[in-house]
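As you go down the protein sequences, you meet chains A and B in turn.
Counting from -15, one number per residue, gives the positions in the first sequence under our numbering.
Counting from -15, one number per residue, gives the positions in the second sequence under our numbering.
Hints may be right or wrong, so weigh each one.
Repeated chains share a single entry, so a pair holds when one copy, or any two copies, can fit it.
As the list claims (entries may be wrong) - Keeping only pairs whose Cα atoms sit at most 27 Å apart, straight-line, the calculated BS3-like set for lysine-lysine is:
1) 236 <-> 212
2) 32 <-> 85
3) 108 <-> 122
4) 176 <-> 108
5) 176 <-> 132
6) 219 <-> 122
7) 212 <-> 85
8) 176 <-> 122
None of these hints come from the bench; they were simulated from the model.
Keep in mind it's a predicted model, so treat the numbers as computed, not measured.
There are 2 protein chains.
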Amino acid sequence: MYSVSIIGSGNAAFQFAGLFHAAGLHLKEVYSRNAASAAELSGKYGFKVINQLDDLNTDVDFVLIASSDQHIATLSASMPAINGLVFHCAASVALVDIDTKHASKGVFYPLQSLSKQRSIQWEKVPFFVEANNASSLKLLMQLAGQCKVGATEMNSEQRLALHTAAVFVSNFSNAMYDAAATICAEMNIDFKLLLPLIDETAEKIHSMTPQQAQTGPALRNDLLTIEKHLELLGKHPEYQDIYQKINNLISKSRNL
Amino acid sequence: MYSVSIIGSGNAAFQFAGLFHAAGLHLKEVYSRNAASAAELSGKYGFKVINQLDDLNTDVDFVLIASSDQHIATLSASMPAINGLVFHCAASVALVDIDTKHASKGVFYPLQSLSKQRSIQWEKVPFFVEANNASSLKLLMQLAGQCKVGATEMNSEQRLALHTAAVFVSNFSNAMYDAAATICAEMNIDFKLLLPLIDETAEKIHSMTPQQAQTGPALRNDLLTIEKHLELLGKHPEYQDIYQKINNLISKSRNL
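Build the full structure now, drawing on both the sequences and the hints.
Below you can see the structure in the form of structure tokens.
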């Protein structure tokens, strides 16, 4: 049975601790600058709390650095050299950011929008794995297998591009839902009436490309309707601006 | 059994003819400036083709004007006064645009993204109905019942707002998918890897508001990641622009 220690006690640390616990791994130590959260993680999953990074037991199979992105490099340099594999789970941090003192290094990135109020269905989350050599890669793939999650190898540059694309499909689509919710609220329309359309829009691109799936006034170059929509958005110059910018994207793709 | 005639022979005319045919309505006459399409609609569903709008049989329960938006008013004025109910199915055209010569007028608008290559699951499409009086409204609700579709009453102003919101959740989300597909293609990443995230993003707002569901670098004010993404988008100034504009929307909603 693999042993794992975790650096950090934020949302990612809790989610991964839950995943590793469910997979039957031996949860060894947790270190965090936030003593209260570390104690909570310890109480929930049985980690031993470490107060000094120096005290981290180096004889462990995996150490996950689940801190915020900008601290990963520093933390990996501050901890003692680990006999096992040191990895992070960040989309936009390169593998080389993990300090060279560790012989085995990797990345184990889950592509999903993790909201605290929503439990994760891990079996539906694709993982993207990168490692500094073949044996580290094999270890991370075995970890994925143990956790019963799907994993694909991907380098740091591709992972950054995938994350950028993920921001468009997830955060930005959700921002479009949020704008629609505002428009609906102002006209006493129940936003839930849009859910079948939202579902169909997501469902369509399982069998068509987004370009094939596009519809609407911008694609039809229906200037009369576009004018009416822009007028309706009069109270929201920021929505008008985005409406026109995205219409331009759609018009451009129509002419491809 | 209700009888229905259709003005127009485009995508909407074909889709509605299919719906009415499946509901067992009597498909009476079709008029279109496009003779070939009218003949196709006639051949497929058994309509009689009318070559002059004047020849339209006025003794019919429903006449659907399924033309493009800008012709609805003119067509309704050019046809003889109909004994039955004259209606259109356009999101952004007001009820009052149908000529006053017709005693019964209405709107029967399906909220869905209708792609030609994709068959419609009508039972999942919400309809929005408006009528010039109580008996016209009752007739359109009976038509909805006959077609086994769900219908809600909504006035022209709300329908325009709903359509504007629909453009955001459907056309604009799809434009975000399309941008992501472009980013993926350039880095040899399979766009399909994003499908679980796309599905989860749509699924989340069935139980949370879009504001509660938001995640990502803009919400966390993760400037380091945002900088990396903007750099990666260097070849696409139009994506960089939209990235920053939508980030601003998300930041603003964070501070609410």
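A quick look at each hint next to the structure:
1. 236 <-> 212: both (21 Å within a copy, 26 Å between copies)
2. 32 <-> 85: within (24 Å within a copy, 82 Å between copies)
3. 108 <-> 122: So residue 108 and residue 122 pass the 27 Å test inside one copy only (22 Å; across, 46 Å).
4. 176 <-> 108: both (25 Å within a copy, 13 Å between copies)
5. 176 <-> 132: between (34 Å within a copy, 20 Å between copies)
6. 219 <-> 122: neither (56 Å within a copy, 35 Å between copies)
7. 212 <-> 85: between (62 Å within a copy, 26 Å between copies)
8. 176 <-> 122: between (46 Å within a copy, 24 Å between copies)
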